[in-house]
Amino acid sequence: QQPVQSPQAVILREGEDAVINCSSSKALYSVHWYRQKHGEAPVFLMILLKGGEQKGHEKISASFNEKKQQSSLYLTASQLSYSGTYFCGTASGNEKLTFGTGTRLTIIP
Amino acid sequence: EPEVTQTPSHQVTQMGQEVILRCVPISNHLYFYWYRQILGQKVEFLVSFYNNEISEKSEIFDDQFSVERPDGSNFTLKIRSTKLEDSAMYFCASSELRTMGAFFGQGTRLTVV
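If you're matching them up, the sequences are chains A and B in order.
Going by my numbering, 9 is the number at position 9 of the first sequence; the sequence numbering is gapless.
Going by my numbering, 1075 is the number at position 75 of the second sequence; the sequence numbering is gapless.
Each statement offered as a hint is correct.
Cβ-Cβ distance ranges computed for the label pairs, FRET-style:
1) B:1081 x A:6: 33 to 41 Å
2) A:39 x B:1060: 20 to 28 Å
3) A:11 x B:1072: 40 to 48 Å
4) B:1073 x A:40: 20 to 28 Å
A few chain B positions that, by computed beta-carbon distances, are all more than 12 Å from chain A:
5) 1011
6) 1019
7) 1028
8) 1064
9) 1065
10) 1068
11) 1072
12) 1080
13) 1084
14) 1086
15) 1112
16) 1113
Listed next, the in silico DSS-like pairs over lysine-lysine satisfying Cα-Cα at most 25 Å (straight line):
17) B:1042 x A:68
18) A:96 x B:1042
19) A:26 x B:1042
20) B:1078 x A:96
21) B:1057 x A:96
22) B:1057 x A:26
23) A:50 x B:1057
I should point out that these hints are in silico values taken from the structure, not numbers from a laboratory.
The model shown is predicted, which means the values in this text are computed figures rather than measured ones.
Just so you know, even glycine gets a beta-carbon here, dropped at the ideal spot from N, CA and C.
Let the sequences and hints guide you as you build the complete structure.
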């Protein structure tokens, strides 16, 4: 069963913050976050493993609450280059990564 | 910077024909994957491959599909008797460890006519 992402789409002005949520009905071992620009391949952002960790990558960070089976991606002081569709991928202990339906992020100047 | 490379970038084939999509994963990576993305939809897992065998496959990956690592560098996806609904972008990905993120190739756009 695929994870549910929210919101489905968001429009921000440059410099604003955004939170993208990903929740699963299954117990999770890991959550992966990817960004895909139109016509391009998904680009790996970060992986969070069971243990409830939080990771950061420049102005993009994420948290993983394994008890709630949820992960959130935080984008602070958004830049035009952050535009794209963000996918979370969840794994329950094997290599099969199930992707959510994506969150389309549009940053406007 | 090492990258996953896929060939061809675009393949057009007639329904019922066989196609082979090719991938060269990053050299020190141990896990290999195929995903597909139908236009405008989410990325779907097809299969993972480790230690020269399939480690996991999805419901989509039926007898029509097969994967092979014919030598130390290439990783191929074969689709036998293609159907119209096989039209999609097919991505190959690789990761160093199962607990590390996967790096995607630029994809092969397969069009079945």
